[in-house]
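**Student:** Produce the entire structure from the sequences given, and follow the hints as far as they go.
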Amino acid sequence: MQTLNLPMDELKQFAADVLERFDNPYVEHQVTSIMLNSFPKFQTRDLPGLKTYLERKGELPKGLVLGLAAIITYYKGGTRADGAPITPNDDQRIIDLLQQLWATNDLHQVATGVLAAKDLIWTEHGDLNLIPGLTDMVEGFLRDIQEKGMLETVKSIL
Numbered sequence: 001m002q003t004l005n006l007p008m009d010e011l012k013q014f015a016a017d018v019l020e021r022f023d024n025p026y027v028e029h030q031v032t033s034i035m036l037n038s039f040p041k042f043q044t045r046d047l048p049g050l051k052t053y054l055e056r057k058g059e060l061p062k063g064l065v066l067g068l069a070a071i072i073t074y075y076k077g078g079t080r081a082d083g084a085p086i087t088p089n090d091d092q093r094i095i096d097l098l099q100q101l102w103a104t105n106d107l108h109q110v111a112t113g114v115l116a117a118k119d120l121i122w123t124e125h126g127d128l129n130l131i132p133g134l135t136d137m138v139e140g141f142l143r144d145i146q147e148k149g150m151l152e153t154v155k156s157i158l
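Just so you know, the working numbering puts the end of the sequence shown at 158, numbered straight through with nothing missing.
A couple of the hints might just be wrong.
[As the list claims (entries may be wrong)] Quick list of the computed label-pair ranges, beta carbon to beta carbon:
#1 62 / 86: 21 to 27 angstroms
#2 109 / 78: 15 to 21 angstroms
#3 12 / 48: 17 to 23 angstroms
#4 56 / 80: 35 to 41 angstroms
#5 80 / 118: 28 to 34 angstroms
#6 90 / 132: 26 to 32 angstroms
#7 59 / 19: 22 to 28 angstroms
None of these hints come from the bench; they were simulated from the model.
These figures come from a predicted structure and were not determined experimentally.
Here a beta-carbon is modelled for each residue, glycine too, at the ideal position from N, C-alpha and C.
**Tutor:** Given below as structure tokens:
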């Protein structure tokens, strides 16, 4: 909420509306559908807020950075805990880049490679490795997700 320029009462209502939507048992939240075009969504919806938060608070918003690390992890593919396959559906060039980076088994290379993809992913923002602290925080969250799992990583920032 602290990245948006709206009155606090509107921000609280917006947050409540989002939570209400996700609590609605009649709305099916298909992960594959939600994750479609995740990087362009992050670039237009979340990255400006990340930069605003950094400017206002002098630190990176952990939730947004964890969200980015979660997107990067999703593109690794694999199998969910319930046995369902994780199959990213996006621009094939983005999928290819992420597969190549994950194949290195080097989380630093994964983080820096994704954040550096200014011509493919971050077309409006350039090399995100230039944002102070972002590379290290993304890499740290990638490590936490790999070692502790997503749920424990999310709990760690709450």
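**Student:** Now, for every hint given, state plainly whether the structure supports it.
**Tutor:** Going down the list of hints, with the structure as the test:
1. 62 / 86: 21 to 27 angstroms: Given a distance of about 24 angstroms, which is inside 21 to 27 angstroms, the answer is holds.
2. 109 / 78: 15 to 21 angstroms: holds, 18 angstroms
3. 12 / 48: 17 to 23 angstroms: With Cβ atoms ~21 angstroms apart, the hint holds.
4. 56 / 80: 35 to 41 angstroms: Given a distance of about 36 angstroms, which is inside 35 to 41 angstroms, the answer is holds.
5. 80 / 118: 28 to 34 angstroms: holds, 31 angstroms
6. 90 / 132: 26 to 32 angstroms: holds, 28 angstroms
7. 59 / 19: 22 to 28 angstroms: holds, 25 angstroms
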